[in-house]
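Asker: One-letter residues, chain by chain:
There are 2 protein chains.
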Amino acid sequence: MMIYIDKNKLTVGDKLPNETELSKTLNVGRSTLREAVKILSFSNVLDVRHGSGTYIKNTTASTFSNTQLLDAREMLEVKAVDLIIKNGYQTEDMLQLKEILYERNTLLADGKFSAYVTADLQFHYKMIEMSHNPFLIRWYQEIQTDLSAYLSTQILHLESYSDNTLIHNELYHALLNLDRSTAIKNIKLNNINDLAVDA
Amino acid sequence: MMIYIDKNKLTVGDKLPNETELSKTLNVGRSTLREAVKILSFSNVLDVRHGSGTYIKNTTASTFSNTQLLDAREMLEVKAVDLIIKNGYQTEDMLQLKEILYERNTLLADGKFSAYVTADLQFHYKMIEMSHNPFLIRWYQEIQTDLSAYLSTQILHLESYSDNTLIHNELYHALLNLDRSTAIKNIKLNNINDLAVDA
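As you go down the protein sequences, you meet chains A and B in turn.
By full-length UniProt numbering, the letter at position 165 of the first sequence is numbered 165, and the numbering carries on one by one without gaps.
By full-length UniProt numbering, the letter at position 148 of the second sequence is numbered 148, and the numbering carries on one by one without gaps.
The following block holds chain A by itself, in its conformation from the complex (with noise of 0.2 Å):
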C-alpha cells in the first residue's frame, strides 16, 4: 500500500480509488485491503471520511533534526551488531571491511575531506550490509544521502580527526573478535563525536 502511493506520486490530500478498483489494481482481497486502510488510518497515513472517500493525510517524514537523523542511525548500528555477534560473519567480508577502514584513514590523513566522507560512509553502510537484514539495509540506503550531507559539514569544523580513526579501528577489531560491548561502545562514542561538534 505505502509502495502504491509513493509509485502513483499520490500527495498529502489526494484521494485514493475505491475498494473495488483498488483491490483489483493491488491484487488483493477486500478484507486484506480493508485491514491496510484501518493500520494506516491509525498511523495518520490516510484519513478515512465517511460517505466520501479514504485521503492522504501523510506521506513520509520531511522533516527532522540532526539529533534524530543521529539516532535512527545508531539504532540501526546497534542492531547490526547484535546481528553479526548473533550469526557471525564471512571472512571475506571482514577482509573488505578491514580494506575500507584503511582507505578511510588514509584519505582522512591526507586530507581528502569528501573522498573520506564516502569512504566512512561505506565502512558503516558494509558493517550494515554484514547483517543481512534487508529492513536494515534498506533504512541504512534510505538515511545515507543526509548523513553524507550532514557529515561533510560537520568536517567544516573540526581540527582533528584522530579520535576518530582510534574509534573506527576499535570498532573492526571488536567485530573481528565478535566482542559486542566494545563494538556498542565504540558506536555510541562515535555518535557523541559526531553530534559534539553540533553543540
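Derived by calculation from the structure, the hints in this document are not laboratory data.
Treat the hints with caution; some may be incorrect.
Where chains are identical, the list cannot tell them apart; a pair therefore holds if satisfied intra-copy or between any two copies.
Result set (DSBU-like, lysine-lysine): computed pairs, CA atoms no more than 35 Å apart in a straight line [stated by the list, open to error]: (1) K57 to K86; (2) K185 to K38; (3) K38 to K24; (4) K57 to K112; (5) K38 to K98; (6) K188 to K126; (7) K24 to K126; (8) K188 to K98; (9) K57 to K38; (10) K24 to K57; (11) K185 to K126; (12) K98 to K112; (13) K15 to K57; (14) K112 to K185; (15) K38 to K112; (16) K86 to K126; (17) K86 to K188; (18) K15 to K126; (19) K24 to K112; (20) K126 to K38; (21) K185 to K86; (22) K112 to K126; (23) K15 to K112; (24) K57 to K98; (25) K126 to K98; (26) K38 to K188.
Could you slot chain B onto chain A? The hints should help.
Answerer: Just chain B, lined up with the frame of chain A:
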C-alpha cells in the same frame, strides 16, 4: 534520490537521466548529485557503467524472513523506549496508550481476534509515535502491513494469550514509570513469544 526513483516508478535495469537533466529535476548542484550517485552505487542501489550511463540495480527489500521482520520491529521498539525514557512523555499520550491497551486486552478476552490484531498494532505504533523520531515512525509504518499479516497467522496457532496480555500490561507500566530495563525486557519477551509459535 531514493524518492525520485520511487516517484518515477523506476525499477531494476532502468537508466537514470543524464547528470544535467537530473540535477535540474532534483534541483541540486552537480557535486551533490555526483556524491549521491557515488554513495548509492556503493550501496548497490545504482550501477554506474562508464561510457553507458547509470542504471538501477536494486530498489527495495523484496523478500525477508519472519525473524528478520521481528528483528526490525524489536530494533524500532527498543529505540523508541530509549527515546521515551530519555525525553519523557505527555500525559495525554500515556492516557491514549492506556486506552488502546484496555481495548486490546478486551478484544482478546472476547475472542475478537481480527480486531485484536489491529488494536495490538495500534498499541505498538502509539509507543513508536511517542518517540517523536520521524525515521522510527516512518519505518514502523512501512512494516505494519507485514506485521499484521504475520500476527494474524500466529493467532491461528495459539491456545492461550494470557502471557501476551501480561507482557503488554508490564510494558505499559514500565513506560509510565520510565523503567527502561523492565520495558526492554518485555519488548524482548513479546518478540520471543511471537517467534516461538513459528518453530
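Asker: Against each hint, give a clear statement of whether it holds in the structure.
Answerer: These are the hints, each one checked on the structure:
{"no.": "1", "hint": "K57 to K86", "result": "between (40 Å within a copy, 29 Å between copies)"}
{"no.": "2", "hint": "K185 to K38", "result": "between (41 Å within a copy, 29 Å between copies)"}
{"no.": "3", "hint": "K38 to K24", "result": "within (18 Å within a copy, 39 Å between copies)"}
{"no.": "4", "hint": "K57 to K112", "result": "between (44 Å within a copy, 28 Å between copies)"}
{"no.": "5", "hint": "K38 to K98", "result": "between (47 Å within a copy, 20 Å between copies)"}
{"no.": "6", "hint": "K188 to K126", "result": "both (18 Å within a copy, 27 Å between copies)"}
{"no.": "7", "hint": "K24 to K126", "result": "between (40 Å within a copy, 31 Å between copies)"}
{"no.": "8", "hint": "K188 to K98", "result": "both (20 Å within a copy, 33 Å between copies)"}
{"no.": "9", "hint": "K57 to K38", "result": "both (13 Å within a copy, 34 Å between copies)"}
{"no.": "10", "hint": "K24 to K57", "result": "both (23 Å within a copy, 29 Å between copies)"}
{"no.": "11", "hint": "K185 to K126", "result": "both (19 Å within a copy, 30 Å between copies)"}
{"no.": "12", "hint": "K98 to K112", "result": "within (19 Å within a copy, 54 Å between copies)"}
{"no.": "13", "hint": "K15 to K57", "result": "both (10 Å within a copy, 32 Å between copies)"}
{"no.": "14", "hint": "K112 to K185", "result": "within (27 Å within a copy, 45 Å between copies)"}
{"no.": "15", "hint": "K38 to K112", "result": "between (51 Å within a copy, 16 Å between copies)"}
{"no.": "16", "hint": "K86 to K126", "result": "both (17 Å within a copy, 30 Å between copies)"}
{"no.": "17", "hint": "K86 to K188", "result": "both (19 Å within a copy, 15 Å between copies)"}
{"no.": "18", "hint": "K15 to K126", "result": "between (40 Å within a copy, 25 Å between copies)"}
{"no.": "19", "hint": "K24 to K112", "result": "between (54 Å within a copy, 28 Å between copies)"}
{"no.": "20", "hint": "K126 to K38", "result": "between (37 Å within a copy, 15 Å between copies)"}
{"no.": "21", "hint": "K185 to K86", "result": "both (17 Å within a copy, 18 Å between copies)"}
{"no.": "22", "hint": "K112 to K126", "result": "within (21 Å within a copy, 45 Å between copies)"}
{"no.": "23", "hint": "K15 to K112", "result": "between (49 Å within a copy, 31 Å between copies)"}
{"no.": "24", "hint": "K57 to K98", "result": "between (45 Å within a copy, 25 Å between copies)"}
{"no.": "25", "hint": "K126 to K98", "result": "within (10 Å within a copy, 41 Å between copies)"}
{"no.": "26", "hint": "K38 to K188", "result": "between (38 Å within a copy, 26 Å between copies)"}
Comparing the model with each numbered hint stated earlier shows that all of them hold.
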